[in-house]
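> Okay, here's what each chain looks like letter by letter:
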Amino acid sequence: MARDTSHADEPVAARPMAGAVKIALLLAAAGLLIAAPFFLYPIFLMKLLCFALFAAAFNLLLGYTGLLSFGHATFFGGSAYFTAHAVKVWGWPPEFGILLGVAGAAALGLVMGAIAIRRQGIYFAMITLALSQMFFFFCLQAGFTHGEDGIQSVPRGHLFGVIDLSQTTNMYFFVLAVFALGMLVIWRFVNSPFGMILKAIRENEARAISLGYSVAEYKLGAFVMSAALAGLAGGVKALVFQFATLTDVTWQMSGEVILMTLLGGIGTLVGPVVGAGLVVTLQNYLATSDFPVTIITGLVFMACVLVFRRGIVGEFYASRLGRALGFTSER
Amino acid sequence: MGMVADHEPRVVLSARGLGKDFGGFTAVNNVNLDVQHARIHALIGPNGAGKTTVFNLLTKFLQPTRGQITLLGTDITRTRPDKVARMGMVRSFQISAVFPHLTVLENVRVALQRPAELAVQFWRPLKTLNQLNGRAEVLLEDLGLTRWRDARAADLSYGRKRVLEIATTLALDPEVLLLDEPMAGMGQEDVRMVAEIIREVARHRAVLMVEHNLSVVADICHQVTVLQRGEILAHGDYATVSADPRVRSAYMGTED
Ligand SMILES: Nc1ncnc2c1ncn2[C@@H]1O[C@H](COP(=O)(O)OP(=O)(O)OP(=O)(O)O)[C@@H](O)[C@H]1O
Ligand SMILES: [Mg+2]
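Line by line, the protein sequences give chains E and Y. Under our numbering, the first residue of the first sequence carries the number 1, and numbering increases by one thereafter. Under our numbering, the first residue of the second sequence carries the number 1001, and numbering increases by one thereafter.
Calculated directly from the structure, the hints in this document are not laboratory data. Glycine included, C-beta positions come from ideal geometry on N, C-alpha and C. There's no promise every hint is true.
[Claimed, not checked] To give a feel for the contact side, a few chain Y residues facing chain E, derived at Cβ under 10 Å: (1) G1023; (2) G1073; (3) T1077; (4) D1082; (5) K1083; (6) T1168.
[To be verified] Simulated restraints, written as ranges between beta carbons of each label pair: (7) Y:A1116 to E:L140: 21 to 31 Å; (8) Y:G1134 to E:V293: 30 to 40 Å; (9) Y:G1073 to E:Q141: 54 to 64 Å; (10) Y:G1134 to E:I296: 48 to 58 Å; (11) E:G322 to Y:D1219: 27 to 37 Å; (12) Y:E1196 to E:A28: 53 to 63 Å; (13) E:A206 to Y:R1229: 44 to 54 Å.
[As the list claims (entries may be wrong)] Stretch by stretch, here's where chain E covers chain Y in the computed footprint (C-beta under 8 Å, at least three residues): (14) 1086–1099; (15) 1108–1116; (16) 1125–1139.
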């Protein structure tokens, strides 16, 4: 069926990814992260990596599924409690402690997701908020979390029975490896057959339904994956600080990860990492000064949202330089 | 399709006493409809008559207030819309429904992924989907979209988006096809092409289409149902319906 197609819209080839630029940037980032602990305070770097992974996990939902969860602290902080308890009270090795945290977060995600997933927009956010507040009160009351005190002096233990994580350098490279693994999982998830369907659902939900996709189940799958990865970040954080605390299950923590993600740019892999880096750095810097931390971060956030509507990384991708380097921005 | 001749009338989709109220407003009332295999059935009527609402009811995007719907012998009055699609009835939308940031090829592949069971693998690379390219490219070829294979759907002209939507719908090889104004906003050239495609695909499928272009309706449709203010005004073949004085005053008179 050859037809004359002399219309205005000429074929526009999808922009080829500038693979070389990306690989170069990736190698540079890897080099920096490997060298960083010899120049910067390792605990700060580990905190940064944990929050970066947390934000990236959150973005799996906001950026790649189009769902705004206001309850992600449940998975981050919940996993921290599970890991800390398993390691400290049951004497589990760190890797199994973290796995328990991940499994617990995934289970919590399944419950919260199943309840909230059929709601849209603000209702979805409100239900996740309400459920995470319930979890907060559970953590406040439950015995094993030790209420206001939290679970303190959690031993880091020996990874696989051999690597002593109480040594800061060992711990740093362990955290870096977990971070890299988490990012790899997210990258694969986004660029997979499942990720393609998620993208289709985000772009036109009604059309996806009319093609026979049970969209609620796909969204739930993404929700559980996001919760599990947030749990991975939370479990590792508990070992870094040797401490699991109520702070990590508060609604403020859920808000903070939204802020990091929006700041960096939703729907990009790197955006949440940059956003988390900025927020954590700012908090660290302000903690030693007299400025009120929340007000300053709030102001920075407002300024960024006004100036960089797509987030810092999203804005860079959409800029002339970004496009010249072969990045594509979706929003 | 078995041994049954494609010309034998066989009802694949039927509605009885279908009705929908929005608050106090009755948008659709007492609609009876029989859509047959290998036939093209037009649903026409003035703006706001309730055509799209009937589509939404039949495909279960809206839950009917009254009445019953049967698809391929199964009662689907309480079935979810994605299930209806999996049972073999696929619809298009009045406002063109493509996935704008996916390429033309990817749009069609999304439809192919589910039947090929390549929709849930979150651990496999994207290139796994290349095994669907062959089938997708055949569809693009059939609909004259090959040149735009790698263009983003958002960059297509309006008419071509509609053609892509049809390609995506056909990718599912549905038994029943519901097309809501498939030719709206197309140039003459494309209208003729799409009419020809619909005629072609209807040789083995039932098609129910909303269409304002009456020459197309006269040309390709076997059955015509006229809707007015949510109720059926007339039904029959085009000659009968267009001769009906009530239809002439209610609908043809207002047609540009
Ligand atoms: N979700 C809704 N809520 C309230 N009223 C609705 C809804 N959907 C449709 N209607 C009303 O129902 C009536 C029928 O609308 P419908 O879209 O089905 O008409 P149509 O025949 O498809 O018209 P058109 O030719 O303009 O596409 C209209 O008066 C419309 O305003
Ligand atoms: Mg309509």
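> Identify every previously stated hint that the structure contradicts and give their numbers, smallest first.
1, 2, 3, 7, 8, 11 and 13
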